[in-house]
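Peer 1: From first to last, the protein sequence lines are chains A, B and C. At position 257 of the first sequence (counting the first as 1) the number is 257 in our numbering, and the numbers step up by one without a gap. At position 76 of the second sequence (counting the first as 1) the number is 428 in our numbering, and the numbers step up by one without a gap. At position 153 of the third sequence (counting the first as 1) the number is 606 in our numbering, and the numbers step up by one without a gap.
Read the hints as simulated data drawn from the structure, not as lab findings. Treat the hints loosely; a few may be bogus.
Listed next, the in silico SDA-like pairs over lysine to any residue satisfying Cα-Cα at most 20 Å (straight line) [to be verified]: (1) A:K149 <-> C:N529; (2) C:K541 <-> B:M384; (3) A:K12 <-> C:C495.
Simulated DEER-style distance windows between Cβ atoms [stated by the list, open to error]: (4) C:Q587 <-> A:M324: 33 to 43 Å; (5) B:D444 <-> A:F340: 43 to 53 Å; (6) A:R329 <-> C:D657: 37 to 47 Å.
Since the structure is predicted, the reported quantities are computational estimates derived from the model, not experimental observations. In this text, a Cβ means the ideal position worked out from N, Cα and C, and glycines have one as well.
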Amino acid sequence: MDSQTALDILLKLVAITVAFTVVLLIVAYTVLAERRILGFIQGRLGPNRVGPGGLLQPFADLLKFILKEDIVPDKSTRFVYFLAPVIATMAALMTMIVYPFGPEFQVPFTNIVIPLTIARFDVSLLYVLGITSVGVYGIMLAGWSSNNKYSLMGGLRASAQMISYELALGLSLIGVILLAGTLDLAQIVEMQSGWHGARWFIFFHPLGFIIYMIAAIAETNRVPFDLPEAETELVAGFHTEYSAMKFALFFLAEYINMFTVSMLATTLFLGGWNVPFAEDIFGRGTFLFGLVSALGFLLKIIFFLFLYIWLRGTLPRFRFDQLMNFGWRILLPFALLSIFITATLIFLFPNL
Amino acid sequence: MEPQLSWYLALSAVLFTIGVTGVIIKRNVIAMFMCIELMLNAVNLTFVAFSSFFNDVTGQLFVFIVMTVAAAEAAVGLGIIIAIFRNRETLDVDEASILKL
Amino acid sequence: MLALLFLLFAGMAIGCALAVVAQRNPLYSAISLIGVFISLACLYVTLAAPFIAAVQVIVYAGAIMVLVVFVIMLLNVEEEAHQRQRLKFLLPVAIGLAGILIAEVAFILVTVQGTPATSGGLTHLDETNVGLTQSIGSALFTQYLLPFEITSILLLMAIVGAMTLARRGMLSPNARVVPGAQVLPLSMVDPTVGHEDTRAIETDSTDEAARLLGVAELRDQSKRE
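Please take these sequences and the hints and turn them into a complete structure.
Peer 2: Right, here's the structure in full:
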């Protein structure tokens, strides 16, 4: 193994560490933001005691989770019980490496060009779909191994819901693949640049965007699709028997999943790191352009996260048979219809 | 040293043999079904290895079709297993050795 | 470097495959099989076939095994019991036959001469684009269109077959009606009514309920001699 490969591997490890740290910080503050915003929607203040305005609350929560007593149910299958949160968290974090956080930029006063995608390969979008499919196992195995019939029901319902809406998710993304002609996420973002934001795929595939948002909310088990884990329904569903750090892992995995689908929505529909007039002001390839683009990416993701939190405070939840009915009999035909519409548009106006 | 084609073929043969052993030994019908899937995957590995070493896309296309057929077989096979379980209350293939319920 | 990766993933695949066969609890077999699929997907990546690797994870590990684990959980399958009345010699025979199979394969691999294309390593894969999505897609829709269409019809047949096998309208032949007057849901009596229809039928006697359900005549326990 020569030194160039070793240097590459080291750089990738550093990049992964930085990306994971940033993501975990953002997710921790998303939890706090959710509690505050839900509080404002419901006419009360959220947590605002710890630190200035409640900003140190995530660290207090982390301390609480670490120091809590770790309860393991007596007759559960131990190996699967410990494996389930690991699978859930791993599947949530592994998708982080293929997203383009920004364009290539040049570190000022040097000649180093840093690409802002950790791993760029040919089938990134399929990789994301595959890892999302594997993430279902965390919930299913958690429900089974808790040896508790409420957990089992919650786990089976959650996984049935997730695999049903995965289909609509994949089908709604086919329109984007048709428009872009490639499965590579970095290239999809590149194709949406130019024309100052008018080439974003949301304008060419709006029905697909709506279907994607609905399917993404169902995939991450958020309100209005959070029946399997709602507190009033099945005693917190599949993570009833998990306490302390393992519950923290599930909790974290859910919010990281939310972050991931927001990132995917931003990359595919809202143009990724393309900020409308940044190219004219800064010029491509400069450090400021890279910084502004990365900040723009982050702002778009925060917009989607705010949308999720807003939906949580506003909508009631679906009943399970209404949920399955909606997923199979309404959403799937509309996803197919969106593919037809987009394919017809591409055929009639091949101007992209 | 680079991985040779024969390494991939040997691995595929070993996986196939393990699958065959599983089908003979196992008594639970779902476990037998899983060993059949293992055999199918070993053959998939052979196809992809040959396709890479001969620069021909036919191998990978065939793998695609084999995966689709395996998915269809999984759906129908598990439906049959559920129907057998409803009638016999057991998943042991040694118990299901005569056609009478 | 590549040889190291191959050995790592091959070891994982063989280890998980042995676990599939050796485990008695079918849920652990299923988890080991998922491990086999994922290590095979990594091997496909070393063979420069990323599309097939991604499809393997999505279809096999993400869909088929989810179905299998669902069935294991729903049917509540226990571990295999250890008694084996009739075929005590099955395990030695199976291992012996497996040994013969591996010996045959080893013989072929050692004695068959390779062509220059197959004797080389994987370095030529830097220039190929055989595994990319574009080449698979273009071959699938031009040269191999007929297998593609036939596969889609096969999937349709599988969907219809699975739905027919899973229909719950039919009662098992061992069903009997419990004595007493019955209130039956309409969907049990009339197969054209869907399951969401919550209307019910009231019957006055057990015989009428048995007749409506099409179940065999109830043998009253007190009349048995």
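Peer 1: A separate judgement is required for each hint: does it hold in the structure or not?
Peer 2: We went through each hint and held it up to the structure:
At roughly 12 Å between alpha-carbon atoms, K149 of chain A and N529 of chain C fall within 20 Å of each other, so this suggested pair holds. Between K541 of chain C and M384 of chain B the alpha-carbon distance is near 18 Å, which keeps this suggested pair within the 20 Å criterion. Using a Cα cut-off of 20 Å, the hinted pair K12 of chain A and C495 of chain C holds, with the two alpha carbons roughly 19 Å apart. Here the CB-CB span from Q587 of chain C to M324 of chain A is close to 37 Å, well matched to the stated 33 to 43 Å.
In this structure the hint that D444 of chain B and F340 of chain A lie 43 to 53 Å apart at CB holds, the actual value being about 49 Å. The hinted range of 37 to 47 Å is satisfied by R329 of chain A and D657 of chain C, whose Cβ atoms lie roughly 38 Å apart.
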